[in-house]
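Asks: Model the full assembly from the supplied sequences, consistent with the hints where possible.
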Amino acid sequence: MVGDQLSERILEQVRRRREEAKIVDVDEERVKLVTFTLGGNHYAFPGADIKEILPLMKIAYVPGTPESILGIINVRGDIESVLSGCRVLGLPLSEPTSRSRIVIAESNGVRSGILVDSVEDVSDFPSSSIQPPIPTLDTSIRDYVTGEMSQSGKTTTVLSVERILNGIIPR
Amino acid sequence: MTEERGYENTRDSEWVEAIRVLVFQFEGIRMGIDVEQIAGMLDPRDRAVDELSVSSFHEKLSFRNGPSAYVAPMVLLVKDEEGRHGVLIDQPQDIISIKIDSIRPLPPLVEASRESPAVWGVALMEEDMVLLVDLLFG
Numbered sequence: 340m341v342g343d344q345l346s347e348r349i350l351e352q353v354r355r356r357r358e359e360a361k362i363v364d365v366d367e368e369r370v371k372l373v374t375f376t377l378g379g380n381h382y383a384f385p386g387a388d389i390k391e392i393l394p395l396m397k398i399a400y401v402p403g404t405p406e407s408i409l410g411i412i413n414v415r416g417d418i419e420s421v422l423s424g425c426r427v428l429g430l431p432l433s434e435p436t437s438r439s440r441i442v443i444a445e446s447n448g449v450r451s452g453i454l455v456d457s458v459e460d461v462s463d464f465p466s467s468s469i470q471p472p473i474p475t476l477d478t479s480i481r482d483y484v485t486g487e488m489s490q491s492g493k494t495t496t497v498l499s500v501e502r503i504l505n506g507i508i509p510r
Numbered sequence: 026m027t028e029e030r031g032y033e034n035t036r037d038s039e040w041v042e043a044i045r046v047l048v049f050q051f052e053g054i055r056m057g058i059d060v061e062q063i064a065g066m067l068d069p070r071d072r073a074v075d076e077l078s079v080s081s082f083h084e085k086l087s088f089r090n091g092p093s094a095y096v097a098p099m100v101l102l103v104k105d106e107e108g109r110h111g112v113l114i115d116q117p118q119d120i121i122s123i124k125i126d127s128i129r130p131l132p133p134l135v136e137a138s139r140e141s142p143a144v145w146g147v148a149l150m151e152e153d154m155v156l157l158v159d160l161l162f163g
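Quick note, the sequences are listed as chains A and B, same order. The first sequence begins at 340 in our numbering and counts up one residue at a time. The second sequence begins at 26 in our numbering and counts up one residue at a time.
In short, the hints are calculated from the structure, not lab data. Just so you know, even glycine gets a beta-carbon here, dropped at the ideal spot from N, CA and C. There could be a bad hint or two in this list.
[Claimed, not checked] Here chain B is said to cover these stretches of chain A; the calculated rule only asks that three of the stretch's residues, wherever they fall, bring their Cβ under 8 Å from a Cβ of chain B:
(1) 389–403
(2) 406–416
(3) 444–451
[To be verified] Derived pair list, reagent style BS3-like, types lysine-lysine, alpha-carbon separation capped at 30 Å:
(4) B:K85 with B:K104
(5) B:K124 with A:K397
(6) A:K397 with B:K85
(7) A:K371 with A:K493
(8) A:K371 with A:K390
(9) B:K124 with B:K85
Replies: Next comes the structure, spelled out in structure tokens:
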């Protein structure tokens, strides 16, 4: 009998916790993020700024462009630029693999592809899970970071598409 | 664009449906130059080249790394007022007609950040792209 009461109490506690979790999930604002990797690190873009995710394709170099611009691609008759995610963030260049992807990003009317090592997921996350960036961030990426997220022991750095694209345009 | 690029003066009075372009291969990229800008093509060993001021294509267009060696070089004689300028290109392939409808502008980030306006557009050729170059710029 004592064992039954204990198990019932435990089950009741489990049910209550699950109900509380549901209430939190419904009320809390969520943000869609596209998570990807570069140089072994995890990053994310706001999902609203990502228009398309493409497999790696032939990129035609355009002479006279900055090193961060790898070149251009033909996407169903439209010509898109492609940035090197590694070069933008000051990381060593990665060798392209079958997992490499070109993420077509757009913000404030400026649009470009960004080459990343892999796209991990497109998911909704609670806004509260994104914390402000640490003040000791590396200067090479500090201007592009809007937040950080920790999940399952890994840190994902949230980046601003607008700041990255504007950073390419000479002042 | 027509008025900025003087070589199209001959077409002011007509609607251009297509342009004829000399296509050549450079660093694995297909490049194209309107034949209206070309007065002729010479073998670099031709003595007439000695009379010209010749620049190499990779320097003229600010390629990041110049080619280690030109595979099949030829000197294009540029059709300018002086008639004494040449550009050393590599692997000329063919003269083709490119429909205006298949030409696309460069993407905004490329347009805004490039050092030289010499590359002015992109021609879509089925699965391939040809970068269109204006020899009279840069």
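Asks: Out of the numbered hints, which ones does the structure contradict?
Replies: none
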